[in-house]
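Chain by chain, the residues run as shown.
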Amino acid sequence: MTETPTVLQPEELRPATDLATKTLEQLGRILLGQTDLHRMVLVGILSRGHILLEGVPGVGKTALVKALGAILNLPFGRVQFTPDLMPADIVGTHILQQTAAGEREMVFRKGPVFTNILLADEINRASPKTQSALLEAMQEGAVTLLGNTRPLPEPFFVLASQNPIELEGTYPLPEAQLDRFLLKLQVLGAEVEVLDEIISTRRRGEPPEPTWSMSADELASLFAVMDRMYLPHAVSRYVSRLVAATHAGAAEATDRVGAYVSYGASPRAAIGIAEAARAEALLAGRPTVGFEDVRTVAPAVLNHRIILNYKARFDGVDTVAVTDELLDSLDEAELDLPRDVQVAGEADE
Amino acid sequence: MTGRTNHEGAVSHLRVRLACVLFLGYLLRLLAGWCFAWGLAALVLRAVWGVSSWPLVWGLVGLAPAVAAAVVLAIRRTPSRAAARAVLDRSSRGGGLVMAGAEVALGAWEAQGPPLTEPSLAWRSRPVLVLTAAAAVFLAFSFAVPQRYVGVAVARPLNTEDEVAGLREQIETLRREEMLQEEDARELEQALEKAAAEATADDPAKTWEALDHLEDAVTDAAADAAEQAYHQTEALAKAESLAQALAADADALDTTATTAAMKKLADLLDEAAKENELLQASAGCDAAACRSGGLGREAILELASRLGLSKEAIASRLARLVEARLLDGEALDLAEMLGQCNAQGLAEFLAAAAGQGVPIEGIIDEWLEAEYGYGFGGIDRGRGDAPMVRAPPASPEGTDFLEQALPPATVADLKQSRLLGVSAGAPTVETDAEAGVSGALEGAARGGGSAYTHVVLPKHKAAVRRYFERDATGAPEAPAPSNGASP
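Quick mapping for you: the protein sequence lines, in order, are chains A and B. Going by this note's numbering, the first residue of the first sequence is number 1, and it counts up by one from there. Going by this note's numbering, the first residue of the second sequence is number 1001, and it counts up by one from there.
All clues stand as given, with none of them false.
Ranges of calculated distance between the beta carbons of each label pair, as one might list FRET restraints: (1) A:Arg109 <-> B:Arg1093: 51 to 57 Å; (2) A:Ala176 <-> B:Glu1008: 43 to 49 Å; (3) B:Pro1114 <-> A:Thr21: 18 to 24 Å.
For the record, the hints were derived by calculation from the structure and aren't laboratory data. Note that the structure is a prediction, hence the values are computed from the model and not measured. For glycine and all other residues, C-beta sits at the position ideal for the given N, C-alpha and C.
All chains, full assembly: derive it from the sequences and hints.
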């Protein structure tokens, strides 16, 4: 006799939710006025995804990553990407070293990628060759050099930042690498009250140290809870329809998608949305994923995976507008009712 | 406790609500479509085949399939239970708990989950209601509009070929016989073609009325022509009678009377030539010759012969009209009767009147008037307005009543008779009738059939003879030109 599967019970879910809440509280205490950003970053971490932070200099991207590493109590590495940065500077290299016996041998020296949290600062300043050095690490969690594959420590996160306003001397990230980032988050400037609090309470803007950090077991328990978050069939179908609708010519694609999208999101986007929605549900204290979780995380997952054509640039249409329209037009419940019959809460067509 | 039974009632209730709204929407659409189709069919049926409105009410049975189709469509379009559960989850902000309840066990979450909130349904019913109302109005219009306003699409044919062909032939006959002016004949033909082209069974009275009007016009033309032919025939007959009478017994008249008679003949020729184109060429010469007294007996006979030929020509034309059914057969009989020439009677009349000092022109006029003017035969000398003819007066000599003794049996019969009535009709002649006798008188000589004998004047004898000379059917025999005008 098989047992009916059961969702996480409240007593099982509550510790994980508390841990996530504490993490957010610590982030909010260290970095002021970025609550939504902190929540999405934590969503990315819980989903074991990589995050691309886009924002002007000085908005706290590096400080966020540092604080996250301190809270999660994970080793943290930082690489400042420059045009002359080489792949070996990231993944490591073999050096000729003389042993005690006087023999010489090639010894592998690990690069900064061998850490749990890697901050790739201003990643678009490095050449595509160097940027590509992270492809295997981000996808496989390993580095292969001279035929030897070396796994990276678990968990492994890449939190990259890029400056959207400097085009000179920058190299746009290739689509393959963009697709490996689970989320692309916009880091916005602080409001007046936040700025006032920063300069009035912090000497030279130095953030305070976290008062609490997560242990490795707690982090492992969080990931274990994430694995048990339940994704209902209707939600998974909604995610699939949403990703499929990003392709021009799809049955449920909007007119704007048909007009402006050259390439839609990959299946990796669907996986990312599902994982991020699970994390969002966990943060909300629910054992199951709802439509609203998907709607919350979908823009951050999709906006860097949808490739627009030149007409979109001419018409001033960006991926955020395309994604928002998709979310508004797609009926989550797939009721397929006549146009004159509407259910309250149904997306207006 | 599993979550599979959780929220089932709410899901079912939501599905029923959605099904009802869908059914109503489909039903109204189908009704609108059916009303339009039904109304259109009704208009077509009424316009093309003239079907009345009441049989079309059977279209009401089409409502049943519409309702059934609406039910089927609504059931097919009703969201699945999973979709309805997803809607409930969304409206209740269940965060997937309601949806997961159908797939996995919720455990403690069933009690801690958010309360279910059924979503409200919005149906934009105005367009379909307006459409349905418009369809209903159209349907009512298609039934209520009077038949005369819809019977315009296709005209039903009306077979008038025989009538039109007959009229066309009659017009052509009248034109050929020059009894109808060319312009009038063309107008009649155009009217006939128009009536034939516009002939429709939707309004047959109009067509028949038009054809009747044309037939009346043609018949009137034929009747006019026949009347003219009668006059011509009568005029020719008068002239022919006088000519033949003069040729037959020219010696009975003295020179003065002959000259007067010839002048009268000339007048009759002129009158006959007025309406007879055939005679117009020669009548002038003949009349002049008559007036000058230059016509001999042979010439007069030849003139009479020509007059007879003219009568025959007129009779032939009338025969063609009869053949074209423009006149009935009596027209020929009448023409023949009018054209009869009683030269012998006129000759006798002239001979009887000669030497009595009466102007010969008057004698001839009186005879012609009596012969051709008022009626034809009978004992009354014509119609009621016929003048009394008194000359020459009859002699009373020998006209006293002859007393005769009736046989006793006849007197007894009369005494024993009873008057049953008085009849204006002719007495029945019983040729073998005989009075009953008995006793000593049996075997005695039989008397006549009447108590009195009446002396009939000579001029009445002919009429009395004709009266009693009836044929087997009781109709009088052909009237004799002489109606007892003998002296």
